[in-house]
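Student: Chains Y and F, in that order, give the protein sequences.
Residue numbering for the first sequence follows the numbering used here, starting at 3 and increasing by one per position.
Residue numbering for the second sequence follows the numbering used here, starting at 3 and increasing by one per position.
No lab work stands behind these hints: they were computed from the structure.
Every value quoted in this text rests on a predicted model; they were computed, and no experiment measured them.
A couple of the hints might just be wrong.
Note that identical chains are pooled: a pair holds if it fits in a single copy or bridges any two copies.
Within a straight-line C-alpha distance of at most 25 Å, the following computed BS3-like cross-link-like pairs (lysine-lysine) qualify [said to hold, decoys possible]:
hint: 1; residue 1: K134; residue 2: K4
hint: 2; residue 1: K4; residue 2: K102
hint: 3; residue 1: K112; residue 2: K68
hint: 4; residue 1: K5; residue 2: K47
hint: 5; residue 1: K139; residue 2: K98
hint: 6; residue 1: K75; residue 2: K117
hint: 7; residue 1: K116; residue 2: K98
hint: 8; residue 1: K43; residue 2: K62
hint: 9; residue 1: K77; residue 2: K102
hint: 10; residue 1: K113; residue 2: K68
hint: 11; residue 1: K43; residue 2: K73
hint: 12; residue 1: K102; residue 2: K73
hint: 13; residue 1: K4; residue 2: K47
hint: 14; residue 1: K77; residue 2: K117
hint: 15; residue 1: K116; residue 2: K131
hint: 16; residue 1: K73; residue 2: K112
hint: 17; residue 1: K68; residue 2: K116
hint: 18; residue 1: K113; residue 2: K139
hint: 19; residue 1: K62; residue 2: K102
hint: 20; residue 1: K112; residue 2: K4
hint: 21; residue 1: K113; residue 2: K73
hint: 22; residue 1: K43; residue 2: K5
hint: 23; residue 1: K139; residue 2: K62
hint: 24; residue 1: K112; residue 2: K5
hint: 25; residue 1: K4; residue 2: K98
There are 2 protein chains.
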Amino acid sequence: MKKRSDCPLSFSLDIFGDKWSLLIIRDIIMMGKFSFIDFSKSAEKIASNILASRLELLEKEGIIYKQVSPKNKSKFIYSLTQKGIDLQPVLIEMMKWGIKYNPETPEPPKKVIKKYDNDETSLYNEYLKRQKDVLEK
Amino acid sequence: MKKRSDCPLSFSLDIFGDKWSLLIIRDIIMMGKFSFIDFSKSAEKIASNILASRLELLEKEGIIYKQVSPKNKSKFIYSLTQKGIDLQPVLIEMMKWGIKYNPETPEPPKKVIKKYDNDETSLYNEYLKRQKDVLEK
Chain Y
3 MKKRSDCPLS FSLDIFGDKW SLLIIRDIIM MGKFSFIDFS KSAEKIASNI LASRLELLEK
63 EGIIYKQVSP KNKSKFIYSL TQKGIDLQPV LIEMMKWGIK YNPETPEPPK KVIKKYDNDE
123 TSLYNEYLKR QKDVLEK
Chain F
3 MKKRSDCPLS FSLDIFGDKW SLLIIRDIIM MGKFSFIDFS KSAEKIASNI LASRLELLEK
63 EGIIYKQVSP KNKSKFIYSL TQKGIDLQPV LIEMMKWGIK YNPETPEPPK KVIKKYDNDE
123 TSLYNEYLKR QKDVLEK
């Protein structure tokens with residue numbers, strides 16, 4: 003990918019500056035979703051062709067990786083690399099802003115973000131546990 | 003704008019989930035840039051039509067506001083509202099990620115982000131001073 007500038011913000015936006023990529027990261031780290039079909043069922047209703055192209059880009063950039071599901075050999079399980087895990091603070095800050103400025107935000111996400119903002123490792127540990135479960139035979 | 007879901011991340015991405023909006027916020031808060039011509043001269047070379055549409059959207063969403071320049075009545079000065087200022091943590095986290103994963107990041111932005119990450123109010127105060135200067139007759 004051609005970089006627009008040396009600015010680290012521009013570097014990040016070159017990779018995930020769109021309406022969908024961070025929702026996929028959210029699905030993996032927070033929602034216990036690990037497969038194409040799971041992501042496509044999320045509330046935002048991502049189109050299959052956009053989802054496929056975003057997964058390909060995120061994999062190429064080393065943010066996610068895929069493995070064949072041990073429970074279903076025709077299904078891929080998508081997980082986060084360390085580079086993907088490190089997007090957690092970006093997600094949290096964007097969610098805090100969204101909560102502050104959308105008066106219609108329901109209570110559950112407010113509580114969840116408050117918890118994770120105070121304890122960064124809990125989200126990661128919960129993710130690891132869910133990922134382990136999904137990769138078990 | 004039609005919201006895709008109740009998720010606060012989706013809410014944020016509905017507004018600034020693109021490759022350009024946060025670069026404009028960066029220009030205003032960090033770079034001492036306040037006008038259309040200033041933004042269009044940034045390293046990433048935003049096209050005029052994209053810049054115009056992003057400024058319009060950010061203004062409509064209450065993230066920036068414009069005033070006639072006291073030094074040049076045919077020029078607008080764009081400033082951040084509180085809603086725009088509150089994007090600072092999002093910018094900082096995205097820049098920290100960019101610095102970590104772009105081995106070609108030059109030293110100056112690394113130092114700047116380290117400073118602002120440790121002292122959130124200094125960036126805001128420096129912005130206010132620059133904005134005051136540009137709005138003086």
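Student: I'd like to know which numbered hints this structure contradicts. Please list them from smallest to largest.
Tutor: 1, 3, 5, 6, 9, 10, 12, 14, 16, 17, 18, 21 and 23
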